[in-house]
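J.: Build the complex: two chains, separate frames, hints provided.
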Amino acid sequence: MNTVMLRVEDLAKRFTLHLQGGVQLDVLNGAGFEVRAGECIALSGPSGAGKSTLLRALYGNYRADAGRILVRHDGAMVDLVTATPRQIVAVRRTTLGYVSQFLRVVPRVSALDIVADAAGGRAEAHTEAAALLHRLNIPASLHGLPPATFSGGEQQRINLARGFIHGHPILLLDEPTASLDAANRDVVIAMIREAKSRGTAIVGIFHDAAVRDAVADRLYQVAPYQQAA
Amino acid sequence: MSEPTLLSASGLTLRFGAIPALLDVDADLWPGEILAIVGESGSGKTTLLNVLSGKMAPQSGQVMYRDPAGAMQDVHTMPAPALRALHRSDWGFVHQNPRENLRMAVSAGGNVGERLMAQGSRHYGHIRAAAIDWLEQVEIDAARVDDLPRTFSGGMLQRLQIARTLVTHPRLVFMDEPTGGLDVSVQARLLDLIRSLVRRLGIAVVLVTHDLAVARLLADRIMVMQRGEVVEAGLTDQVLDDPRHPYTQLLVSSVLQA
Numbered sequence: 000m001n002t003v004m005l006r007v008e009d010l011a012k013r014f015t016l017h018l019q020g021g022v023q024l025d026v027l028n029g030a031g032f033e034v035r036a037g038e039c040i041a042l043s044g045p046s047g048a049g050k051s052t053l054l055r056a057l058y059g060n061y062r063a064d065a066g067r068i069l070v071r072h073d074g075a076m077v078d079l080v081t082a083t084p085r086q087i088v089a090v091r092r093t094t095l096g097y098v099s100q101f102l103r104v105v106p107r108v109s110a111l112d113i114v115a116d117a118a119g120g121r122a123e124a125h126t127e128a129a130a131l132l133h134r135l136n137i138p139a140s141l142h143g144l145p146p147a148t149f150s151g152g153e154q155q156r157i158n159l160a161r162g163f164i165h166g167h168p169i170l171l172l173d174e175p176t177a178s179l180d181a182a183n184r185d186v187v188i189a190m191i192r193e194a195k196s197r198g199t200a201i202v203g204i205f206h207d208a209a210v211r212d213a214v215a216d217r218l219y220q221v222a223p224y225q226q227a228a
Numbered sequence: 000m001s002e003p004t005l006l007s008a009s010g011l012t013l014r015f016g017a018i019p020a021l022l023d024v025d026a027d028l029w030p031g032e033i034l035a036i037v038g039e040s041g042s043g044k045t046t047l048l049n050v051l052s053g054k055m056a057p058q059s060g061q062v063m064y065r066d067p068a069g070a071m072q073d074v075h076t077m078p079a080p081a082l083r084a085l086h087r088s089d090w091g092f093v094h095q096n097p098r099e100n101l102r103m104a105v106s107a108g109g110n111v112g113e114r115l116m117a118q119g120s121r122h123y124g125h126i127r128a129a130a131i132d133w134l135e136q137v138e139i140d141a142a143r144v145d146d147l148p149r150t151f152s153g154g155m156l157q158r159l160q161i162a163r164t165l166v167t168h169p170r171l172v173f174m175d176e177p178t179g180g181l182d183v184s185v186q187a188r189l190l191d192l193i194r195s196l197v198r199r200l201g202i203a204v205v206l207v208t209h210d211l212a213v214a215r216l217l218a219d220r221i222m223v224m225q226r227g228e229v230v231e232a233g234l235t236d237q238v239l240d241d242p243r244h245p246y247t248q249l250l251v252s253s254v255l256q257a
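Which chain is which? The protein sequence lines are A and B, in order. So in numbering that gives the first Met the number 0, spot 174 of the first sequence is number 173, and the numbers just go up one at a time. So in numbering that gives the first Met the number 0, spot 161 of the second sequence is number 160, and the numbers just go up one at a time.
One chain only, chain B, in its complex shape (with noise of 0.2 Å):
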């Protein structure tokens, strides 16, 4: 109960001239736990994202995280180096656009060994080994593996960008609408991908998203954002369930009933 957090956020603040991005957030994550944040376009999702992840830096407020030694790490004032190293192995981010993270010119198995290389692995047939397995993990045909990643579909070119996430086993993954602009089907068999991938190696996870639907499947807490503020934070089930803020329960209401 008293496990400590693996990620700590608190007293964020950032205004692009008078528009306020966030306005004194705290956030907490522990080990293998999936946060949720959602909101409507423009209310600071993505912009929490990116400062919890040292993509952008807070005006005020600081952003703490555990490193697998144990030791608290202030995300905003380590040395760049340090913060590039933990992007590299430690930490992974899944772009809501794959090509954001892709090379699309290196085949997909380069594409995954590609970070094993980044942390360090030289043998070429670990490598290529690893490659191949996590193809098949994201379920991504092993012949493929030679294959540019321009000749797949949207689906697979996001179930490709997984793989080359999680092969250096990341202990913390954000993932900025990791479903969007996919077809429902698709999106149903990357869900179902992600929960079990993540639950099955206790990744904790921050996901930004619109669709209370995907927070519904996989997160275990939420957090609500309007306008830059955490309107209202807790179990999903409750706060989807029960929710208290109006701005909630407009969202919660609005969501169409297939």
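So here's chain A without its partners, still in its complex pose (with noise of 0.2 Å):
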């Protein structure tokens, strides 16, 4: 269980406005931390320090500017700064699993499918699709509906499906609970545990602190960028 899955080194991100003028906002500079397998490390900081920039930057959804993201796949270690564009989709599809705060709908695909087309093939992926779905309190009744016409909550509640049906050694939780009753939240809570319990490093933005002191090992500070004086 010790094993680095994931080493941050030296992380800058700078996004350039060029249609502002050409403002530079310097986002990260110099983040840096590693996670083991079976731990979870919660990103913290006031809002607007950069945390979703970080964790969408570690998902290679944001290009860094510098530095090193380098993520244990195939078990050797593959730098998502320099990777191939189908390096990165290889390591997403194996080994790092994403959770955004907002589903992405696809028109006419229903919840069962969207969850089971990200188990990555096997064969019993609609079984487990509909037991995960059912664990998160989505009735049998809505499974076979497109979310675009879902609650906040239950649009949330298919993304976290989707995000945890594969099983990636590396997850990324963007604020998994944020639209969450409290019996759900501690749903999601458990699914955490578990995770964690199978060996699935994890990071992840909480802004609940009931969720965080419950599933975070460790919190890694994402500091307000200062300009160099």
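Bear in mind the hints are in silico, worked out from the structure with no lab data behind them. Worth double-checking, as some hints may not be accurate.
Footprint (simulated), chain B over chain A, 3 or more residues, beta carbon under 8 Å [unchecked claim]:
| no. | region |
| --- | --- |
| 1 | 16-30 |
| 2 | 34-45 |
| 3 | 55-61 |
In this text, a Cβ means the ideal position worked out from N, Cα and C, and glycines have one as well.
T.: Encoded structure:
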């Protein structure tokens, strides 16, 4: 359980807003930490400190300007900062999972198919997807419907089911309980703990202190970037 | 990771008089992958599609295609009959206007079956069965198999064109604004259909679109073109969520939120 699954070294991210006269926003500078198998790191810091930017960079969604993001993939460390698009796709397929705050709905695809499609082609995907949706209190009557008309909390639970079904060795969670009631929040806490006990390395943003205390082993403080004087 | 490419273009340049339609464009496509080419009108998207598919010759640069036997073929120097044979079976082309591809005086089933016949199928019963199967796959009622395409709606025509294209199980399909000019409800259905068929059959697609939402839904990777140049390329979500080039930032920020 002591294997380093993810190591971030001296990561920097700057946004250049060309439409706003080339304003430069330095959001991350020198970020670094590591996460071992079975460990959960909570990113903390005030709003606007760059927590979501860091999490998106870890998924390869935002492209870092400097530093390294080393991910253990197929027994070797792959640097997502320099990886090709196809390497990133391969890492995301089997190693790196991400649960965003919002579900991006695909027209006409049912909730069950959305979740089952994320299982990586396993034969029993639909059975597992249905079980996971039940666990997250999504009734069977909704499984066959496309989630476009679902409530915010229901969509988030579809998103969670989709993120957890594959069993990626590394999971990134962006406020997984933001729009959930207490009962569902407890289900998610249990799911995160089970994933950890299976050896999943987790990095998350948890605004809810109760959730954070229940799942996080350590905090990583994301400091608002100070311009060098 | 080192899987060979299906299509590889390098250094493509083509000028129309003083206007650069393509400037030193490189593109790679792997089997089963969807690559979107985005940019505004006149950016060179459609020219690139025509050059990649051998319909138009570049002034410099080359396009290499890996044929089913595994040999690399130079699309622009291969014999014309061989290129036509590729277009008949191993490749498909989906036009924005389905009338460019369909024969309006031939029945729906005939339109689908024709491509199989061009490939050498001769058994009428098999061809008709395949045509009906494909009409159903694109959600056209099998009872319409003998109807003429001119009795079809725009969305149905587009689905018929897709059935006609996919019936030969191509490995590579070029699509030029396949959802352009359709109602949004029809568009959503078509997008979902393209997405599921392409994934299930493992077809590689080069997709030209000016609609970033279409690119987001369908494409693995994206290339942004401006005035004949590729200004930015990468994973679709990277380019759309973290655009770096001023032109890409303009495109992304210009999308209306519904």
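J.: What are the numbers of the hints that this structure violates, sorted from low to high?
T.: Result: hint 2 breaks, nothing else.
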